[in-house]
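J.: Sequence:
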Amino acid sequence: MIIHAVEIGEFDFSEYGIHYHMIYDKERVMHSSAASYEDHMTCLPVLDTPAHLGYTVGQPAPCTVRSMEKHEHTMEAVFCTKDPIVLCVAASRADMPPQAEDVRALILRPGDVAVLKRGIWHDACHGLGRPAAYYYLASRGGKPAVWVEVEGEAVVETRARADAYSDIF
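Quick note on our numbering: the sequence shown kicks off at 1 and runs consecutively.
Any given hint could be a false lead.
When the alpha-carbon atoms are kept at most 30 Å apart in a straight line, the in silico BS3-like pairs for lysine-lysine are as follows [unchecked claim]:
#: 1; residue 1: Lys82; residue 2: Lys26
#: 2; residue 1: Lys117; residue 2: Lys26
#: 3; residue 1: Lys143; residue 2: Lys117
#: 4; residue 1: Lys82; residue 2: Lys117
What the hints contain is simulated information worked out from the structure, not anything from laboratory work.
Working from the sequences, and respecting the hints, build out all of it.
T.: Right, here's the structure in full:
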C-alpha cells in the first residue's frame, strides 16, 4: 500500500495529538523578541509528566514502515529543527497491531512540533530524501516501548523536496 506524505499543517492532526508551528501559531504559542533573539514558547506544558530528552537520526524516506511503537504511559513530543522529517502515525484499534491502512505520513519542517497522544502508533521519523536528526521528549516510566510489526505493507512515498523550506530561516 502506497502512502503519500503530506505537510502536517495541511492535515487534521487532532486525532493523533497537537501540532504546533512555533513561528506561526498565534493561539497556542507565545512570541517575544529583542535585538538579539526571537523566542517562541508554547502557552501550555508540552507533556503532562516529567520527561527525558531523546535524539534520533532517522533513515531517509521514501521507506517501508515495517514496525511501530506506542506508549500508554506518556505523550511524546517530536521536534523538527534543521532538516525536514517524515513522521508516520497510526491510530490504535484496541489490542490490534498497527494496520497498514491506518498509517499516515506527515512532513514536519523546521519549527514544527508534533505532540502525540498516548496510545498512538508511530515509527521513528525519517529524513526527507536523506537521513535527518530530530529531538523528542517522552517519559521513560512505565513499561518499555515494544515495537510491533505492521499488518500489511505501508510504503511511504514523498513528493516534497528536501530543500523546500518555508521562509522561517
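J.: Failing hints, ascending?
T.: Checked against the structure, no hint fails, so every one of them is satisfied.
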